[in-house]
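> These protein sequences, in sequence, are chains A and B.
Residues in the first sequence are numbered from 1 upward in steps of one, following the working numbering.
Residues in the second sequence are numbered from 165 upward in steps of one, following the working numbering.
Simulated from the structure, these hints should not be mistaken for laboratory data.
You may find that some hints are simply not true.
What the simulated footprint calls covered on chain B by chain A, stretch by stretch (three residues with Cβ under 8 Å from a Cβ of chain A suffice, anywhere in the stretch; the number is not a length) [unchecked claim]:
id, stretch
1, 214-222
2, 225-233
3, 251-261
4, 277-289
Pairwise CB distance ranges (calculated) [as the list claims (entries may be wrong)]:
id, chain 1, residue 1, chain 2, residue 2, range
5, B, Leu285, A, Ile131, 45 to 53 Å
6, A, Trp91, B, Asp245, 35 to 43 Å
7, B, Ser281, A, Leu162, 24 to 32 Å
8, A, Trp91, B, Ser239, 41 to 49 Å
From a predicted model like this one, the values you see are computed outputs, not experimental measurements.
Even for Gly, the Cβ is constructed at its ideal location relative to N, Cα and C.
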Amino acid sequence: MQRVLKFLILMVVLGTHPPLFAARKKFHEISVHGLSLAPNAGGQEAYRIEGYETPHAWHAFYNRALIVGKLPLMGAGYNYRMSVCDESCFWRFFAQVGGGLSNGGPYGEISWGTIIPLVPLWLPVSAPRFIPSLRLDITSQFYLAKNRIITWSYPIWAGVALAF
Amino acid sequence: MLSFGIRFLVTSLLALGVFAPAVTAASVRPSVSAGLMVPPSSQYYHYVFGTQLDLARDSDQSLVRIQYLQRPKFSSRGYTDQDFSGLVLLGQSILQRKSLGVTSLIGGGYAWGYIKSETDLSDVNSYKIPGIALALEGRWTTDYLDVRFTHQVLVGHSSKEQLNAYVAWPFNWFVLSFSHPIEI
Numbered sequence: 001m002q003r004v005l006k007f008l009i010l011m012v013v014l015g016t017h018p019p020l021f022a023a024r025k026k027f028h029e030i031s032v033h034g035l036s037l038a039p040n041a042g043g044q045e046a047y048r049i050e051g052y053e054t055p056h057a058w059h060a061f062y063n064r065a066l067i068v069g070k071l072p073l074m075g076a077g078y079n080y081r082m083s084v085c086d087e088s089c090f091w092r093f094f095a096q097v098g099g100g101l102s103n104g105g106p107y108g109e110i111s112w113g114t115i116i117p118l119v120p121l122w123l124p125v126s127a128p129r130f131i132p133s134l135r136l137d138i139t140s141q142f143y144l145a146k147n148r149i150i151t152w153s154y155p156i157w158a159g160v161a162l163a164f
Numbered sequence: 165m166l167s168f169g170i171r172f173l174v175t176s177l178l179a180l181g182v183f184a185p186a187v188t189a190a191s192v193r194p195s196v197s198a199g200l201m202v203p204p205s206s207q208y209y210h211y212v213f214g215t216q217l218d219l220a221r222d223s224d225q226s227l228v229r230i231q232y233l234q235r236p237k238f239s240s241r242g243y244t245d246q247d248f249s250g251l252v253l254l255g256q257s258i259l260q261r262k263s264l265g266v267t268s269l270i271g272g273g274y275a276w277g278y279i280k281s282e283t284d285l286s287d288v289n290s291y292k293i294p295g296i297a298l299a300l301e302g303r304w305t306t307d308y309l310d311v312r313f314t315h316q317v318l319v320g321h322s323s324k325e326q327l328n329a330y331v332a333w334p335f336n337w338f339v340l341s342f343s344h345p346i347e348i
């Protein structure tokens, strides 16, 4: 049993060691967001899918808590990711700036995010690939709608990320 | 004797060069700030002003900020209201292009405020919410002037009941700050 455990730990350590990925400069990731907190009871049921390739992040989202006309708010856009602690860190932290188009009008977006691998070990190694991670974002969006800017926040937006 | 002295001097200088701490530039930036604030559950933009003090090292390689902002008193229909915030933030430059750059900050603090009747002194409603704060700012720095445009958000602490109902209190600020960096 101990041998198996040691082998697994060794595999994780080797699998996430930076030099082994030195040839692969690009880091890819897909993340999906679900529920977000909100300044109203019930939070907001807001879904988002994001694809990331260093340093570009493309996303589409759908927010059932906000209605535009008769449809939920939905949109798609681009973010540029600036890392505080990048893929060389086990626990990543970053800021994203971007914008996009939605049925509520064009929007700008600022996000702070953290990605925590769901491995019950704190390893002093880089971000592991192929291991599901918890992603937590604090996002603010700024909609240009009817000659004014509307600010809307996702105070804590939870999701899952998978790097590959 | 002379050659020993020269060797001693050279060796000492080399040792100093190896073991001496790297020279770093640090600066203090007392700033004046003004901007807009968006409280939770509101789509109104309120004017805010205040001040902040930055202690920074090597073009924001590390940064400590103390910030205070307040909204001027507003009176309407016999009531007066006002909001304040105080934050402590730690920051780091995440993008640098000559005199331009982007700094990311994380920290915490309080947002507080009140609404009170102008005639009935007992009619006061106040709040004070602690929370985590995050900021992202663009900066333009010269030897004499430092200008920053910051977006910051404070996610106010929710009670257990509020958290069970997925409630959180996001405050947004857009702040323009001016300072004269003082090298220390």
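> Decide, hint by hint, whether the structure agrees.
These are the hints, each one checked on the structure:
1. 214-222: It is violated, with 0 qualifying residues against the three required.
2. 225-233: violated (count 0)
3. 251-261: holds (count 3)
4. 277-289: It is violated: at least three residues are needed, and the stretch 277-289 of chain B offers just 0 whose Cβ sits closer than 8 Å to chain A.
5. B:Leu285 x A:Ile131: 45 to 53 Å: 60 Å, violated
6. A:Trp91 x B:Asp245: 35 to 43 Å: 41 Å, holds
7. B:Ser281 x A:Leu162: 24 to 32 Å: The hinted range 24 to 32 Å is violated for Ser281 (chain B) and Leu162 (chain A), with Cβ atoms some 55 Å apart.
8. A:Trp91 x B:Ser239: 41 to 49 Å: With Cβ atoms ~48 Å apart, the hint holds.
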